[in-house]
Amino acid sequence: MERNNIKTDTLKIDTSKYTVKKTNKVLKVLIFAGLIIWAFINLFPIYWMLTFSFKNNEEIYGGNVAGLPSELRWENYEDALWGKNIGTASKDDTGFQLPKLIRFFINSLIVTVATIAISLVAALMATFAMTRIKWRFSKTMNALFMLGITIPMHASLLPVYRTMSNLGILNTYTSLILPYSAFSLSMAILICTGFMDDIPKELDEAACIDGCNLGGIFFKVIVPLMKPALSTIGIYTFLQCWNELMFANQFMATGDKITLPVGIQQLSAGQSMTQWGPIGAALVIATFPTLLVYIFLSKRIQDSFIAGAVKG
Amino acid sequence: MKRILACLLVLTMVFSLAACDKKDSNDNKATNAPANTTTDAPAASTTNDGEYVSSILQNAVELTLWDIAVEGDGNRPAYDAAMADLKAKYPNVKIVETVTENEAYKTKIKAAVGANELPDIFFTWAGAFLGDFVDAGKVHCLDDVLKKYVDNGELPEAMLGNSTYNGKHYGVPTTMNVVGLFANMDILASVGYDHIPATKEELVDCCDKLVAKGITPFVCAGKETWCVTEYLEPIMEKTIGATELNDIFRNGKTWNNEGIKTSVATLQEYIDKGYFDPNGIALSNDEAKAKFMQGQCAFYQNGTWNCGDFSNPENVKFNVSVGEFPVMDSSKSKAGQLIGGPSDTIAVSEGPNAAAAAEYAVEFGRLICHYGYLKGSGLPAWTPWGDLSEVSPLMKTVTEICNKANGYVLFGDNAMSAEIANIYLEYVALVYGKEIDGEGFVNGLVKEIG
Amino acid sequence: MIRSFPVTPFGGAGKTFSIDWEGIYMKRKSKSHSLAIFLFLLPALILFVGLLIAPIIMSLYYSFFDWNGLKALDPSEDFLGFGNYTILFGERIQFGKALINSLILAALSVFVQLPVSLALALALGKKIKGERVFLSIYFMPVLISTVVIGQLWLKIYNPEYGILNTFLRAIGVLEGDIRWLGEKNLALGAVFAPTLWQYVGYHMLLLYAGVKSVSPELREAAKLDGATDGQVNRFVVIPSIKPIIKVSVIFAVTGSLKSFDLIYVLTNGGPMKATEVPSIIMIRELFLKNKYGVGSAIAVLLILLCFFFAILIGAIFKERDIYGKK
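Protein chains in written order, with the working numbering: chain A, 1 to 312; chain B, 1 to 450; chain C, 1 to 326.
Hint data in this document are derived by calculation from the structure and do not stem from the laboratory.
Glycine included, C-beta positions come from ideal geometry on N, C-alpha and C.
One should not assume that every hint holds.
Claimed, not checked - When the alpha-carbon atoms are kept at most 20 Å apart in a straight line, the in silico EDC-like pairs for lysine to aspartate or glutamate are as follows: (1) C:Lys126 <-> C:Asp225; (2) C:Lys184 <-> B:Asp135; (3) C:Lys242 <-> A:Asp197; (4) A:Lys227 <-> A:Asp210; (5) C:Lys273 <-> B:Glu269; (6) B:Lys200 <-> B:Glu269; (7) C:Lys246 <-> A:Asp197; (8) B:Lys273 <-> C:Asp177; (9) C:Lys273 <-> B:Asp437; (10) B:Lys106 <-> B:Asp135.
Claimed, not checked - Which residues of chain C face chain B? A few of them, derived with a C-beta cut under 10 Å, are: (11) Ile128; (12) Tyr157; (13) Trp180; (14) Gly270; (15) Lys273.
From just these sequences and the hints, can you work out the full model?
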């Protein structure tokens, strides 16, 4: 991505002749109204999730779909956290019994953070090799990595499963972290390319004059300047991992190591009636930290965008 | 650059190899079996008050178990009780259980078979589902371990029919389920019926009265086609008879059958007459079942696994009873012919722990059946024993129906192989959506299946 | 070796620079150059080749056989050649129809969803009050798991107590029940609405990043030249973020071709195949019908299609940069 660096010449501007058009006030209000409406539409699922976590099945299935719950059924939350049937035989003897949901949450967190770390490192290094060093196949390599976006994850289940099985790492965190990293790689490389292109090559050259080799340039020049990319890659990789069900179900679904989506799926019915109230509670417990973390992160993302803009 | 290309090639080859099936079924997985495990079967039995105690299971062993009894499942209490009993009986046996939801489980278990990652003990459906696994050579034969239970009458041989392949037994039946016609007796009373319609005439009359009163007789979830088969298959069986239907489902008899055409026509006629909730086509089973439980329709025909939920006064605030679908054509069929049979099965994979797992699995299945019956999550495939006072009235009614049964046809989507079953289901969906009639149904199936 | 570099203005004679730089590099480290490249690429390559490329090759291999995924594959016995591919387009599976459905989704994605995302990104890019809050809110649906979104929309579309029908009845437009997910003609649209809605935020964030990185001086310059906000957007911002728009379009199209989760929860391809998309058929063939060959064939086709579209879109978006070079 080449930036169009057009420098404005410093002309003497006769400000009386040129007026900056003020935005139409009406238009501004309309736009703002539109934004608010869209915001409400987007917030509705959260509101809905919150309210149905307090309802029982009767209300959810017809009695009172969209309204506020008739009473605050906190027992839904109790069920979600500690489960009606604690007596599953897969109890490992952990001295401190964390609520199951929290354990699932932590597992998901471990997997996601590790995935973000690995894809970030791999992407940074690969992008550096492809964009900062001139060699014959750099563009081809890039295209190859972009191919990754086209691959439907579901189709790779069995081959990847066999690979994990042959490597003997099934039911460990690694068995999920590796595939997730691989599938996040293309996006991460894409983002890195974008951000890395913004770093002027002259910096490389300056470092080179100072006597750095490639590794030096990488660590001393590029990496510190790629901090904005971190948040962006973080978000998009997070999306890849957090709600992923199919691979998690297959590779890591035993005992304590279950991730959040698998855990929530287990709260739903086998062959009988689903109790949506507790599931709602579980989803609230699962989703709200995510939203909070995102709100926190988004500030940093936005700051990084602004920083990127000023840099130009 | 050439170096990179070469390395790429090597990497690709290496990983293709890794993904290929290097493990064969007898690979040694890490187990905790110490040196003094006896691996010869059958284990000598030490009887305690006539109850069989396995000696293999006296040794410390860790067994992996996969099943679908999630937290909200009707069978979960039975599984828990069974595992608790066995833990007391064999304290050295450790079970590592992985629970997965129904639909996701099908993917999971099949992927495991393909990758040689089957657990020691696993839940499965009998019929073609397990049959495919047996074909692949991944399932341990249970003839030896089951023999004593068959011999002493605890496990009727008939119950093993669906998990017998090439004359050998490969599964332990747990609970059994049939299709039951559940009815809201309060609604029926309001149109003058104090019992579930027992003949075709009564059924039509009752439904007409209900429609006249503005009450929907049946609700059927169109989104999940198996729910439609819960209505269509009893009609088919009560029209052409159990033997004929079994021949079509399992023995390759042709679908070109007048009775089948009539059955489809009957179903569609009932749809036209307004006997079925018109919104049903888009509903999931949960939603349809909820409608019944909220008293919005008179009947709900589905499996007897629902007995547990319907017996719970928290869920259902009206009088509920269960019956058999009436006979449609008494020249070919009669009362006592049911859709269903033992399908829920526990199986054992071929692996280093197979002997111990087999012993555990059989006792496990037996206990699941016992507790399942007590807690109302299924009918007993094994001969019931012990104190049966806890059994709910609904369950008792169904048991009586089963005791008078003279023919069973396993659910279509279990009886037929995966591919054929799916073709069958697709045509059933077309029938429910009124896209094709009986003629079209039969012709299509003949063309695709035979 | 010391060379003196004349100081040149920023962005000036860059061309001359790079040649020299390359020259230095080539002379000083020609051997370790390729080693360094290899090392830097290594982690990504291992992951990528092992877990992405290898499975595709395996899928390609399987797609030529009639295999049920369970028993050992016997190459001689089960070989089908292109048989699986012909089955796909036959009457049984009607893959073509599913493909058209996903192409419709792709078109809607590009021409309906992306403009909304773009509009939001532009609106938010201009220092509006509560910019951060809006940004967070708009991204939320993407973070919520598909199970929730699916169940929510099931409740919205329910013919009897669903929010949509209730609302329509309340304002008098509707009399009875509309079966949004049950009518063949309505189901496709009904299923696409949540799919499109959920990911507006995703694209918006990407585009917003681009909008934000347009240098304020450019905007000011345009404004000084007398442009309205709309014209600023049209002639300055959008052209500057063309590369990002290109990426968004590629994601939108490939995402549509691959989409699965929400459709599975809402209709699972029904009613009567009205909402079937390739991924749904693929999962069914792979894991319900034990037809591993057919499922793999679908995967291969999907990959080829996505690849084709990616290249097509790249070609459409190729533009000349300011120096007139492509």
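Practice problem: Please name the hints from earlier in the document that this structure breaks, with their numbers sorted from lowest to highest. | Solution: Hints 2, 4, 5 and 11 not satisfied by this model.
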